Each structure stands twice: as C-alpha cells, then as structure tokens.
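Undergrad: So you can see what is in the structure, the chains are spelled out below.
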Amino acid sequence: MVKVTVDMDVCQNHGQCVFAAPDIFRIDEDGRLAYVASPDAALRDDAEDAADVCPLQAIRVEG
Amino acid sequence: MAGAGIAVVGASLGGLRAAEQLRAAGWRGTITLFGDEPHLPYNRPPLSKEVLAGEAPASGTQLRRRPSVEDVEWRLGTAVATADLTARTLTLADGRVHPYEGLVAATGVRPRRLPLPGGPPRHVVRTLEDSAALAAELVAGARVLVIGSGFIGCEVAATARTAGCEVTVVAPESEPMVLAIGEDLARALRHRHEARGVRFRMGHLATALTPRGAVLDDGTELDADVLVEAVGSLPNTEWLAATPGLDLTDGILCDAHLRIGGLPHAVAVGDVARFPNPRYGPLPRRVEHWSVPGDTARHAARTLLAALTDTSRDPAPCAPLPSFWSDQFTLRLQSFGQPALADRAELLSGDPESADGDLLYGYYLGERLIGVAALGGPAAAAAAARHRAELMTLPEPVV
Ligand SMILES: Cc1cc2nc3c(=O)[nH]c(=O)nc-3n(C[C@H](O)[C@H](O)[C@H](O)COP(=O)(O)OP(=O)(O)OC[C@H]3O[C@@H](n4cnc5c(N)ncnc54)[C@H](O)[C@@H]3O)c2cc1C
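If you're matching them up, the sequences are chains A and B in order.
The opening residue of the first sequence carries number 1 in UniProt numbering; numbering runs sequentially from there.
The opening residue of the second sequence carries number 1 in UniProt numbering; numbering runs sequentially from there.
Check before you lean on any hint, since a few could be wrong.
[To be verified] Chain B regions said to be covered by chain A (calculated; three or more residues, Cβ under 8 Å): (1) 288 to 297; (2) 382 to 389.
[Unchecked claim] Residues from chain A that face chain B, not an exhaustive set, calculated with beta carbons under 8 Å: (3) G15; (4) F19; (5) I27; (6) D52.
What the hints contain is simulated information worked out from the structure, not anything from laboratory work.
Here the structure is a predicted model, which is why all the values come from computation and not from measurement.
Here a beta-carbon is modelled for each residue, glycine too, at the ideal position from N, C-alpha and C.
With the sequences and hints as input, model every part of the structure.
TA: Below you can see the structure in the form of structure tokens.
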C-alpha cells in the first residue's frame with residue numbers, strides 16, 4: 001500500500017494533482033481538495049506524478 | 001565511454017525531473033547532476049511571492065525528490081564551462097573533464113539586464129539569493145520601481161505593494177502581461193493592481209538611470225529607492241557554443257523528441273529547450289512555464305534511453321499542454337494552452353468592469369479554442385480547468 005499525505009496548510013487548490021492522479025485526488029463541491037490517503041499500490045506512479053506536479057510541493061508519498 | 005553514465009547539466013526543476021524520469025524509464029547506470037548553484041533543487045515560483053513577502057522560509061522551497069534519485073551524484077556549486085557533444089565530454093569550470101554516455105541540458109535561463117548604467121540599488125529575481133536581497137528592501141514606504149510588466153514584474157509589484165511599498169511599473173507594452181493573456185484580460189489585471197495602489201506607466205521605456213531613480217522616454221523622472229529589473233530572460237547556452245552546428249539563437253533548438261541538433265545522445269528540457277509542439281504547428285518555441293520541465297523531462301528521458309540502449313523510442317512527438325499560473329495580491333491568474341498564439345479572445349464568463357469578480361477568457365485561432373485564462377479566485381481557476389480536455393485534443397494532422 002502507498003501512503004499519501006497532503007499538507008493542507010500549504011495546498012492552494014491548484015488541482016494539478018487531480019489531472020495527474022484522478023483516482024486519488026478530486027476537488028469536492030466546495031472547491032477543496034479531497035484525496036485517498038492509502039491508495040492501492042498499483043497507483044504508486046500516479047501518486048508520484050501528482051506529487052511532482054504540485055506547484056506548492058505539498059504532497060508526500062511514502063511506503 | 002560505457003559506464004560513464006548520464007550527465008545532467010543544471011540542477012533545478014528540469015534537471016531533477018530528468019534524473020527521476022531516467023530512473024522511472026529503467027536507467028540503472030550512473031547519473032551525475034551538475035549545478036552551478038550551491039543548493040539542491042528548489043522551487044522558484046515562491047521567490048516572487050511567499051518567500052519575497054517573508055511568509056515562507058527559504059528552506060520550505062526545496063523540491064521533493066523521489067527516492068529513486070537517492071544514488072545520483074550531486075555536483076553542486078560546479079558550473080559546466082564547455083561541452084564537446086561529439087567527443088561526449090564536459091569540461092568543468094575548474095578545468096576537470098567529465099566523460100558521459102548521455103547528456104541532458106537543463107540549464108534554464110537568467111534574467112536579462114537593462115542596458116543602462118547606474119541607478120538606485122538594482123535587483124532581479126531568479127535565485128534564492130536574489131529574492132532574499134530584494135525582500136530586505138521591501139519595507140513599508142520604500143519607493144519601488146519595477147521595470148517590465150511580465151509575470152515576474154507583476155508579481156513583484158503585487159508583493160511589494162502588499163508590503164506597504166509605493167510601487168510603479170514601467171513597460172513599453174500597452175498593458176501588463178499583454179503578450180501572455182491578450183489586451184482585454186491584461187487591462188482587467190491592470191485595473192485590479194491600480195485598485196490596490198500600484199501605479200503603471202505603460203507605453204514607456206526607461207532611457208536613463210540616476211542614483212535617485214529613472215528617466216523615461218518622455219522626459220518624466222521617477223524617484224525610486226529600489227529598482228527591480230524584470231525585462232525577460234536569456235537562455236544559459238554559452239557552455240554549448242563550442243560544439244559546431246548547434247542552433248542556439250534562442251535557447252537550444254531541439255527536434256520533436258527533444259534531441260539537441262539531431263544528435264542521438266543529447267537532449268534538452270525545461271526553460272532552455274526550444275522545440276516544436278505539434279499542438280501549435282511546426283515552429284519551435286521556448287516556454288518558460290513551471291509545468292514544462294516536468295513534461296519535457298519525461299519525454300526526453302525516454303528519447304535518451306532509447307538511444308543509449310539501442311531500442312526504439314516512443315514515435316509520438318513531445319506535445320505538452322502548456323499551463324501557467326501567477327499569484328498577484330490574492331488573485332490567481334491561471335492559463336491553459338497558448339493564449340499568446342490566438343487571433344481572438346472572447347469573454348466566456350464574468351464582468352470585466354467589476355473590480356473583483358472572476359473572469360474567464362477563451363482564446364481562438366480561427367474556430368479552434370487554443371487557450372483559456374482565468375483571473376480571480378479558485379472558482380475561476382477551476383472554470384478554466386474544465387476546458388482542459390478540449391485543449392488537450394490534438395489538431396489533425398499530427399506532425
Ligand atoms: C521568480 C520566479 C517566479 C516564477 N513563478 C512562476 C509561476 O508562478 N508559474 C509558472 O508557471 N512558472 C513560474 N516560474 C517559472 C519556472 O520557475 C521555470 O519555468 C522553471 O524554474 C524552469 O526550470 P528549469 O530547470 O528549466 O530552469 P532553471 O530553474 O532556471 O534551472 C536551471 C539551473 O541550471 C543552472 N545552470 C545554468 N548554467 C549552468 C552551467 N553551465 N553549469 C551548471 N549549472 C548551470 C542554473 O543556475 C539553474 O540552477 C517562475 C520563475 C521565477 C524565476
């Protein structure tokens with residue numbers, strides 16, 4: 001399993017992670033970021049891609 | 001040469017992503033990253049925003065590094081002086097020679113300077129050190145003159161104004177950022193800056209600098225304690241000049257697979273790369289947006305590995321969707337596609353006369369939507385993002 005954490009104090013809702021990894025990240029109805037904290041291991045590359053494209057570098061991927 | 005590994009020149013966003021993508025594509029050999037700055041790769045956008053405002057510590061700007069690059073060799077504080085792309089060697093500033101099998105050029109750009117002598121204390125914003133030096137001068141009441149109204153000029157103006165400085169922007173164009181977002185949205189952007197106290201002298205050039213400020217082409221003298229030069233950039237390509245046959249007129253000319261001058265073992269990524277993007281025709285262009293180093297690194301890494309391992313490469317050309325954002329005051333400007341290449345802009349939503357509401361413009365080339373740009377809050381940016389799928393559609397035929 002992969003562990004994903006987003007520093008919500010840093011996140012500024014750019015939404016780039018949603019394009020990179022739509023199975024992990026989405027923007028909810030209030031325009032705020034929601035995400036799966038323990039996505040399937042098969043989504044590791046997507047999670048890494050999402051962390052790469054975050055302009056605030058707010059996403060961490062572990063495990 | 002076998003075993004010499006891959007050399008990456010430039011240890012910033014593009015260089016780091018290239019190393020990570022080489023690993024992701026299966027390269028297990030040596031990777032050496034040369035960077036003339038003393039720092040590990042850090043993020044530049046906050047340098048004109050949070051870091052300049054003193055809201056974020058410089059230490060918070062380090063770029064995340066994938067675990068896969070833990071074993072790369074970092075040669076920081078080490079400028080590459082020249083490269084011989086035929087012999088496949090680099091010569092470092094200290095004279096040492098470094099052979100390589102494959103090369104990634106990721107040397108970015110540096111600020112262009114005004115061709116005028118003198119003036120009050122002068123600043124540019126490209127590095128951590130630049131940002132710290134300017135931040136120290138942005139005290140309330142300081143008169144800040146920003147020359148240039150591109151995105152760094154506008155961001156610095158907003159940050160300085162927020163810090164309580166008296167800010168004036170001078171630039172020859174009709175409106176700030178007009179080249180990137182077109183006349184209408186640029187005018188709205190200026191109005192919002194003016195509503196927050198930034199003054200503009202658009203349509204003017206500084207023709208002389210004095211210790212007290214600047215003289216404009218209409219004879220006006222502007223008093224300033226601090227001068228910020230934000231007049232564009234120059235690609236860092238001098239280290240390649242010794243290799244004959246390369247086109248370095250504006251960055252490094254690459255083919256559709258990011259190969260330098262058609263050479264099999266050398267690729268370029270990020271701000272320094274000039275390449276054709278089939279989304280927008282055959283003309284090669286350089287794009288100085290944060291998203292481009294990542295996109296080009298992925299493609300360039302595969303191109304280079306195919307050459308080094310004698311396998312066939314992905315036949316599709318590199319075709320990233322350009323996107324940029326800019327934060328000015330509490331406004332976010334968000335763009336997808338290439339508004340600059342449009343022949344017509346259309347207001348898609350919002351009221352351009354309002355001082356604060358969200359604005360969304362579509363940019364068309366003929367009938368085709370080739371860009372969108374939004375100004376306002378998160379909802380405006382989200383509205384722009386909804387056009388992304390349409391902008392991703394490649395035109396026919398693909399070259
Ligand atoms: C202040 C600022 C704010 C920005 N804000 C935004 C924004 O809001 N949105 C957006 O989309 N984009 C923004 N950008 C643009 C974005 O940061 C760049 O597109 C990105 O940094 C390009 O990455 P790069 O790796 O190609 O080049 P660079 O980041 O320029 O890195 C190149 C590196 O190579 C080094 N180098 C050069 N020559 C040599 C040599 N001979 N030997 C060794 N090393 C060498 C350089 O010193 C540098 O460290 C901003 C840029 C700046 C400067």
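Undergrad: Give a verdict on every hint.
TA: Against the structure, the hints come out as follows:
Chain A is given as covering the region 288 to 297 of chain B, and this holds because 3 residues of the stretch bring a CB closer than 8 Å to a CB of that chain, at least three being needed. Evaluation of the coverage hint for the region 382 to 389 of chain B: fulfilled, as 3 residues show C-beta separations to chain A shorter than 8 Å, against a requirement of three. At a threshold of 8 Å, the smallest CB-CB gap from A:G15 to chain B is about 6 Å, leaving the interface hint in force. With 8 Å as the threshold, the beta carbon of A:F19 comes within range of chain B, its nearest partner Cβ sitting at about 7 Å, so the hint holds.
A cut of 8 Å between beta carbons decides the hint on A:I27: the least distance to chain B is about 7 Å, and the hint holds. At about 6 Å, the closest approach between the beta carbon of A:D52 and any beta carbon in chain B falls short of 8 Å, and the interface hint on this residue holds.
Against the hints set out earlier in the document, no violation occurs for any number.
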